[in-house]
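**Q** The chain contents come next:
There are 2 protein chains.
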Amino acid sequence: MAKNLKIGLFGFGCVGQGLYHVLNNSKGFKADIVKIAVKNKTKDRPLDKGVFTFDKFEILDNPEIDVIVELIDDADEAYNIVKYALSKGKHVVTANKKMVAQHLQELYNLQHEKNVSFLYEASSCGSIPIIRTLEEYFDNEQIQKVSGIFNGTTNYILTKTISEKLSYEAALKQAQEKGFAESDPTNDVEGFDAKFKAIIIALHAFGVFAKPEDVLNIGITTLSDYDINYAAEKSYKIKLIPTVTKVADDKVSIFVLPKYVNSNNHLFSVDNEFNGVIVDGEFSGEQFLKGRGAGGHPTGAAVLSDISALSYGYKYEYKKQKQNPNIKFTNDVTLKVYLRYNNEEELRNFVFDSINEQYTGGEYHYVIGVIKLAALIKNKEFILKNKLFVASVGDDIKLIGKSENINESAKKQVAFA
Amino acid sequence: MAKNLKIGLFGFGCVGQGLYHVLNNSKGFKADIVKIAVKNKTKDRPLDKGVFTFDKFEILDNPEIDVIVELIDDADEAYNIVKYALSKGKHVVTANKKMVAQHLQELYNLQHEKNVSFLYEASSCGSIPIIRTLEEYFDNEQIQKVSGIFNGTTNYILTKTISEKLSYEAALKQAQEKGFAESDPTNDVEGFDAKFKAIIIALHAFGVFAKPEDVLNIGITTLSDYDINYAAEKSYKIKLIPTVTKVADDKVSIFVLPKYVNSNNHLFSVDNEFNGVIVDGEFSGEQFLKGRGAGGHPTGAAVLSDISALSYGYKYEYKKQKQNPNIKFTNDVTLKVYLRYNNEEELRNFVFDSINEQYTGGEYHYVIGVIKLAALIKNKEFILKNKLFVASVGDDIKLIGKSENINESAKKQVAFA
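Heads up: the sequence lines are chains F and C, in that order.
When you line the first sequence up against the numbering used here, it's residues 3 to 419, in that order.
When you line the second sequence up against the numbering used here, it's residues 3 to 419, in that order.
Bear in mind the hints are in silico, worked out from the structure with no lab data behind them.
One thing to keep in mind: the hints can contain errors.
As the list makes no split between identical chains, a pair holds if one copy fits it or if it spans any two.
To be verified - Each computed BS3-like pair below joins lysine-lysine, with the alpha-carbon atoms no more than 30 Å apart:
#	residue 1	residue 2
1	Lys41	Lys167
2	Lys116	Lys317
3	Lys317	Lys32
4	Lys175	Lys330
5	Lys147	Lys32
6	Lys37	Lys116
7	Lys32	Lys387
8	Lys167	Lys236
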């Protein structure tokens with residue numbers, strides 16, 4: 003039966019307030035928010051002052067509290083809180099993707115060592131129950147690939163560039179005015195946020211641990227009107243897509259790149275602030291999940307679901323990790339990309355394995371071809387500094403040196419001969 | 003830890019064979035298929051003869067077997083098998099939506115009485131984990147509505163009427179030739195299959211029990227070129243949509259009708275044999291799940307997931323039923339429909355609460371307006387016999403006599419005045 007949880011809450015912004023309201027009105031289970039830790043001492047708050055504290059240890063060292071719900075922005079402070087709480091044997095629910103992704107291996111070990119639950123559904127794709135679905139439903143399914151739109155801010159901007167023909171700059175400005183993008187949008191528009199989520203999801207889908215600093219993320223900051231026009235001409239849309247692919251039995255590739263998608267792709271119809279996830283299973287085929295990716299309520303719903311699961315003693319089993327303890331992250335893959343460049347000299351920085359298309363006209367030059375991911379990693383700063391635009395095209399992500407590749411390229415050469 | 007399951011399998015068609023293969027190759031858990039019951043004594047089968055039996059009691063009365071996986075077509079025989087197995091204290095996994103929907107209350111009671119697991123994810127929407135998601139993720143979310151495309155056969159036919167401008171009859175014929183529709187397609191095209199799934203989903207989303215004979219299903223058999231042209235003119239698509247709506251705190255409406263959907267609806271992009279489900283939660287907003295709805299592999303994936311869950315002792319908690327034991331099914335609602343009729347006399351059978359549009363031209367006549375569901379139930383045979391076509395339009399489903407309705411209609415009258 004459900005347990006009566008005693009909760010210590012960190013943060014009382016939009017998500018925290020919604021959660022407080024819903025917990026007090028839930029028929030399903032009993033969970034009391036005993037204490038709420040907040041930072042700002044002067045802010046007016048809609049609850050009795052006695053429920054708030056400015057001292058985190060008043061919650062963390064309170065033996066009555068058995069669950070910590072962490073909803074603050076600061077990833078470093080969130081890490082301190084979560085680590086301390088887990089060490090003290092408290093269960094933890096968090097929405098902080100950056101914190102989880104940066105310390106995934108350590109927090110994985112700590113929760114096992116202390117035998118406590120550490121749940122973070124709200125960290126990935128808002129209200130879409132992606133982690134739970136991977137853990138509970140696809141636990142014995144061989145997954146080939148997980149990809150999607152994990153960041154609502156960039157998707158809103160990209161939607162406007164297509165639907166209203168706005169430039170990237172104008173769309174970003176509109177997103178900021180409407181509150182969809184922060185005044186410093188780096189985390190979203192450069193693809194860091196999407197990367198953190200992809201790293202978390204990769205553990206649950208494939209059992210692989212990857213470090214944020216090893217995973218390439220190139221965002222949409224260099225998107226130009228040329229690239230937008232290219233999409234429009236081909237009836238494509240541009241989406242920022244984190245892709246997690248099993249490229250061999252024991253190898254998983256992860257990267258975040260813009261992508262040209264056509265209308266056959268489930269993600270084509272995921273617009274504005276929505277998120278979408280495609281899980282490609284060997285047996286089940288493509289599963290597609292779509293929902294609101296950002297905002298207080300969707301995040302709150304995911305946090306609520308974790309708290310509810312906790313009341314039944316739920317823990318992530320990390321079954322994929324246990325099934326595949328030797329699975330490793332790799333960047334040794336090739337992929338097909340569109341690269342817009344400004345002059346021939348720039349292009350010389352990029353060694354393509356094969357070139358499918360090349361276009362030169364006026365100031366607009368692009369090449370489409372197969373390239374090693376390492377070549378993009380090496381040139382990331384160069385791409386951003388010189389405002390080149392790179393986007394993936396198609397779905398072939400292949401491990402370098404894998405035998406099928408050799409055969410296929412041999413076949414291709416014969417075909418061309 | 004995971005338990006080693008001993009499985010007795012009923013049926014060895016496409017799903018059963020795929021399952022056998024996957025179970026024998028799964029890293030995740032150990033489950034042995036001890037015995038397989040089949041009907042046809044002369045068929046050649048790819049396994050050793052010793053594993054098969056033609057006597058169901060050889061499985062049902064075998065104390066070594068603790069799990070029954072039921073994958074036969076015959077709903078009545080499936081019911082006998084499942085009831086006997088549950089009574090004997092065996093866990094049961096089934097994919098038979100008709101059987102589950104028809105005996106839902108009895109099988110609900112029996113599994114509680116015998117304290118066994120009864121899992122049927124594969125019965126609803128193929129590989130989409132809708133039951134598990136409702137049970138585990140939305141267990142404390144107030145859901146407003148669940149609707150979707152639950153039947154791949156009709157969706158394939160409807161897609162062809164729009165994308166290839168085929169008539170209903172030509173599209174059905176094509177579906178039969180390609181193996182997407184059975185030679186007797188009644189169950190699919192008249193909406194029975196979708197209804198069974200909606201009834202199962204309604205229990206997990208809202209806690210309500212509904213009997214198949216009380217729930218209206220009108221399918222797509224009377225769809226004419228006029229109706230298809232109407233959709234094309236308005237840039238709509240026609241989809242067969244089961245709709246389960248909470249119309250009051252203690253009242254849930256369920257019906258299956260064709261629907262005109264526009265491109266703002268998530269289901270607009272669910273084509274061919276795909277299924278899609280929209281879960282509309284108060285807190286989480288609209289969640290959309292899409293996946294392959296039919297076929298051996300998607301169904302097998304869902305069965306596999308249930309078996310895997312069983313190995314961890316999983317049971318449905320039916321939390322919504324326990325939270326809302328007094329919730330009742332109702333047909334006392336109004337909805338907005340498009341009704342195509344052949345002559346004025348036919349139209350007199352239908353009393354509309356209000357009429358929004360009426361069109362008469364040549365042989366094509368339709369009316370769009372708000373009508374009581376009871377008026378459609380009363381006229382169901384009349385609609386089918388005279389080949390009228392009815393489709394829902396818009397999303398307003400309201401309990402008759404609910405006070406908001408009165409206020410709103412009062413407001414509306416003022417606005418028109």
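**Q** Run every hint past the structure and note whether it holds.
**A** Results of checking the hints against the structure:
1. Lys41 to Lys167: Cα proximity of Lys41 and Lys167: none, with 42 Å in one copy and 62 Å across.
2. Lys116 to Lys317: both (12 Å within a copy, 27 Å between copies)
3. Lys317 to Lys32: Intra 19 Å, inter 21 Å, cutoff 30 Å: intra and inter.
4. Lys175 to Lys330: Intra 40 Å, inter 50 Å, cutoff 30 Å: neither.
5. Lys147 to Lys32: between (38 Å within a copy, 25 Å between copies)
6. Lys37 to Lys116: within (23 Å within a copy, 42 Å between copies)
7. Lys32 to Lys387: neither (53 Å within a copy, 54 Å between copies)
8. Lys167 to Lys236: both (15 Å within a copy, 24 Å between copies)
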